[in-house]
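Participant: In order, the protein sequence lines correspond to chains A and B.
Per my numbering, the first sequence starts with residue 1, numbered consecutively.
Per my numbering, the second sequence starts with residue 387, numbered consecutively.
These are calculated hints, taken from the structure and not from any lab test.
Treat each hint with caution, since some may be false.
[As the list claims (entries may be wrong)] For lysine to aspartate or glutamate, the following EDC-like pairs were computed, each having C-alpha atoms within a straight-line distance of at most 16 Å:
id, chain 1, residue 1, chain 2, residue 2
1, B, Lys593, B, Asp412
2, B, Lys587, A, Glu215
3, A, Lys180, A, Glu57
4, B, Lys692, B, Asp676
5, B, Lys587, A, Asp217
6, B, Lys485, B, Glu423
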Amino acid sequence: MSARVDPQFLTEIKKYGAVNIEACFNCGNCTAICPLSTNGETFPRRIIRYAQLGLKEPLLSSKELWLCYYCGECTRTCPKQANPGEFMAAARRYAIASYDPTGLAKALYTSPILSAIFLVLPALLIGLGIYAFHGPMPTNALKLFDFIPAGIIHNFGVIGMILLAVLLLAGMVNMSIKVKGEKTPGVHHDWMRALWETLIEVLTQQRYQQDCETEADKPVWYLQKWFIHASTLWGFLGLLVATALDYGLEVLGIKATGTWVPFWNPIRLLGTIAGLLLVYGTSMAFVRRIRKSDATSTYSTISDWAFLILLWLTGVSGFLLEIALYLPQPGIWAYWTLLFHISAAGELLILMPFTKFAHAMYRAIAIYFHALKPVPVAEPAKAGAD
Amino acid sequence: MDNLRIDALIIGGGIAGMQSALDLADQGFQVALVEREPSIGGRMITLSKVFPTLDCCSCITTPKMSAVAHHPNIHLLTYCEVQSVREHGTGFDISILQKPRYVDVSKCTGCRDCEYECPITVPSPFDRNLGAYRAIRVPFSTAVPQKAVLDPEYCLWCGKCEQVCPVEAIDFTQQPETFNIEAASIVMATGFDLTPMETKKEYGAGKLHNVIDPLMMERFLAPTGPYGRVLRPGDGKEPTSIAYVQCAGSRDETLNITYCSRVCCMYAIKQAMLISGALPMAEITIYYMDIRTFGKGYEQFYQNAKAMGVEFVRGKVASIKEDSDQNPIVKVEMTDIGEIVERTHDLVVLSQGIIPASSPILRGGSTQAVSLPLGSDGFIYVPAPDSAPCVTERAGIFVTGTAMGPMDIVDSIISASAAAAEASAYIRENGNRVEAHKEALYA
Numbered sequence: 001m002s003a004r005v006d007p008q009f010l011t012e013i014k015k016y017g018a019v020n021i022e023a024c025f026n027c028g029n030c031t032a033i034c035p036l037s038t039n040g041e042t043f044p045r046r047i048i049r050y051a052q053l054g055l056k057e058p059l060l061s062s063k064e065l066w067l068c069y070y071c072g073e074c075t076r077t078c079p080k081q082a083n084p085g086e087f088m089a090a091a092r093r094y095a096i097a098s099y100d101p102t103g104l105a106k107a108l109y110t111s112p113i114l115s116a117i118f119l120v121l122p123a124l125l126i127g128l129g130i131y132a133f134h135g136p137m138p139t140n141a142l143k144l145f146d147f148i149p150a151g152i153i154h155n156f157g158v159i160g161m162i163l164l165a166v167l168l169l170a171g172m173v174n175m176s177i178k179v180k181g182e183k184t185p186g187v188h189h190d191w192m193r194a195l196w197e198t199l200i201e202v203l204t205q206q207r208y209q210q211d212c213e214t215e216a217d218k219p220v221w222y223l224q225k226w227f228i229h230a231s232t233l234w235g236f237l238g239l240l241v242a243t244a245l246d247y248g249l250e251v252l253g254i255k256a257t258g259t260w261v262p263f264w265n266p267i268r269l270l271g272t273i274a275g276l277l278l279v280y281g282t283s284m285a286f287v288r289r290i291r292k293s294d295a296t297s298t299y300s301t302i303s304d305w306a307f308l309i310l311l312w313l314t315g316v317s318g319f320l321l322e323i324a325l326y327l328p329q330p331g332i333w334a335y336w337t338l339l340f341h342i343s344a345a346g347e348l349l350i351l352m353p354f355t356k357f358a359h360a361m362y363r364a365i366a367i368y369f370h371a372l373k374p375v376p377v378a379e380p381a382k383a384g385a386d
Numbered sequence: 387m388d389n390l391r392i393d394a395l396i397i398g399g400g401i402a403g404m405q406s407a408l409d410l411a412d413q414g415f416q417v418a419l420v421e422r423e424p425s426i427g428g429r430m431i432t433l434s435k436v437f438p439t440l441d442c443c444s445c446i447t448t449p450k451m452s453a454v455a456h457h458p459n460i461h462l463l464t465y466c467e468v469q470s471v472r473e474h475g476t477g478f479d480i481s482i483l484q485k486p487r488y489v490d491v492s493k494c495t496g497c498r499d500c501e502y503e504c505p506i507t508v509p510s511p512f513d514r515n516l517g518a519y520r521a522i523r524v525p526f527s528t529a530v531p532q533k534a535v536l537d538p539e540y541c542l543w544c545g546k547c548e549q550v551c552p553v554e555a556i557d558f559t560q561q562p563e564t565f566n567i568e569a570a571s572i573v574m575a576t577g578f579d580l581t582p583m584e585t586k587k588e589y590g591a592g593k594l595h596n597v598i599d600p601l602m603m604e605r606f607l608a609p610t611g612p613y614g615r616v617l618r619p620g621d622g623k624e625p626t627s628i629a630y631v632q633c634a635g636s637r638d639e640t641l642n643i644t645y646c647s648r649v650c651c652m653y654a655i656k657q658a659m660l661i662s663g664a665l666p667m668a669e670i671t672i673y674y675m676d677i678r679t680f681g682k683g684y685e686q687f688y689q690n691a692k693a694m695g696v697e698f699v700r701g702k703v704a705s706i707k708e709d710s711d712q713n714p715i716v717k718v719e720m721t722d723i724g725e726i727v728e729r730t731h732d733l734v735v736l737s738q739g740i741i742p743a744s745s746p747i748l749r750g751g752s753t754q755a756v757s758l759p760l761g762s763d764g765f766i767y768v769p770a771p772d773s774a775p776c777v778t779e780r781a782g783i784f785v786t787g788t789a790m791g792p793m794d795i796v797d798s799i800i801s802a803s804a805a806a807a808e809a810s811a812y813i814r815e816n817g818n819r820v821e822a823h824k825e826a827l828y829a
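So here's chain A without its partners, still in its complex pose (with noise of 0.2 Å):
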């Protein structure tokens, strides 16, 4: 096996955030450390060691990467005090940086002017684009699609999700061609369970949950990290779901969008517990990386930021239109906030693939391609003795 020795890839790695991984004298404990690491499937150590020789290709190919949760355990005892656990997150970096083809991602990674324009120009943009065509804000009843038509909206999303669902096909599909590896011959693999497993994992966040939570005394479950990151992950499932039940009602003609129902109403009830889980989550998420409760909340990059931010925003001024519905005489605010809830989440879509946001994808490939195992070949009958 050849392999192509890259002597910058350390260097360039270290702009997505390795804080001191050149200290790394390879001595294992971090791989022995971590609860999710196994034979076959070992990191941090490995990944280090390719990034350390230049080897990109070999940890582009890692699936390993984006097994890892972060629970800080290797950086808590690493000797050299080189931060394994913050590599792995910057190594997850550059990885949405390779694989998306545009080469936005690695601008919007590595240069903070960038980032910065971007957190505010495309939301910018989708709000202008969207208020041409606004309509009159009637103030005696609050009737939000006078004011920006729903087929305004839906056409803007169709056009973005078009765009999406393309940028995310192609990252999608560079990251499975090198973490596949190769085909062995005669080999099968049960793909249909390891699809079940991994919708499994992705909802439910066991491993997280039963594995990752190392603290000596773990604090109440409210305050766990993996509670935290579920929390915001059914939030915002919670929130798809409901958003596309609303509409299903539309298209089945029984109800058009947005318009007045109880607050007991299924999907009323789902949006609006979806979004306080978003809300808390990505609430207790900022104070943790605000306080730097621990070491892995301690390195913020502009990204983790960026994601942070827009999740919270969209999911708050979700919750001030829900408000605004059920109140008896809402202001001319309402019909702000819905153009500003509309951008928001407008620019979190069409950034995912660029941005923190693309883990939600690359993890669930990681952890199927992890889940696939080689259906076993039934033994042939034991002949006699020989």
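Position chain B relative to chain A; hints supplied.
Facilitator: Chain B in isolation, oriented as in the chain A frame:
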């Protein structure tokens, strides 16, 4: 106790302090050696064999202990602590505390009748608390001086020792006494301690039954040891699988100990060889990050151990737990093959690092009383380690042995002679020698 006027005060009666004292005394200087324990000998007298020659430790240390005790120019002050050091001209005024032995040393003959009669059994620190001795005892068989000492913490004051002592040396009325020494120079030979086991949580923080420190293993292997054989302390079982965890307290930034302790590779290899002799069927594994065999004959020693069948596994042990039978389980990545293994052993020795005995981690010792600046590693600061390694920041105070930094016995002895040479030059230069003793020199 009368006040003393001398040329050099040596603080610490281990191998380095004894060597400095002998070198200075042989040149005719009047020397006092202060030791806080009831006997001199330090760490070395507790060890089994030295590396790489496998010579007997006692056979090297005991003659030096005797030489110190019998030298006409050495005043031996055991069970004493330095309380303060004040500058006085070019020399020093030192206040010394004599702790009470409750035994009149001028009468005691070391017959041990008191010890045989004493009903109280006490864990013996000389045996790393693996063995026991009496509340009144001669500290260990080759102790110097061979004088009994009574431990008031455990004594019931039953008086049996007093009744049985043939020379009426027992004196329950002794009090701590302070006296002064005027000395032209000081040599610090305060030695080392092990990194406390409690600091490394991943290795059980000292709570695992069959995880021991390397000085315990030295006592198991020493002919004068508590059991006369290697047994694991948890249940007295003879171990068949023994592991060494290297760098368990050195080269570890999580403990703020970044330096290499230098001796651990070699003592682990040495103990592995000795265990191979004591327990020929035992399997021995050494988990290491790098093997550092820097001295003369050391690399060959390492190669010999490999040839003898000692297994060397490269990888930093991440954690040690224990199973229901109190067997320690070691988790490590074997970095040569990139595999994570969890292995169960009968006994694990943590190759803990060397920290200064006066370390702020521990109780402040003599270094505090002398108020010398310490380096960032906690050892006594030496301004010019390349050109004058034994000279401290304060004129007239010199340092030797593991008070300078981690080193093995050979280097301790070399540095002890170096410190003695520095002190000798300083005393002559300052012309402050005790008149009476010039006669001794020029007689």
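Participant: None of the hints should be skipped; say for each whether it holds.
Facilitator: Hint check:
no.: 1; hint: B:Lys593 x B:Asp412; result: violated, 48 Å
no.: 2; hint: B:Lys587 x A:Glu215; result: holds, 12 Å
no.: 3; hint: A:Lys180 x A:Glu57; result: holds, 13 Å
no.: 4; hint: B:Lys692 x B:Asp676; result: holds, 15 Å
no.: 5; hint: B:Lys587 x A:Asp217; result: holds, 13 Å
no.: 6; hint: B:Lys485 x B:Glu423; result: holds, 10 Å
Figure legend: structure checked against the earlier numbered hints; the only hint not met is number 1.
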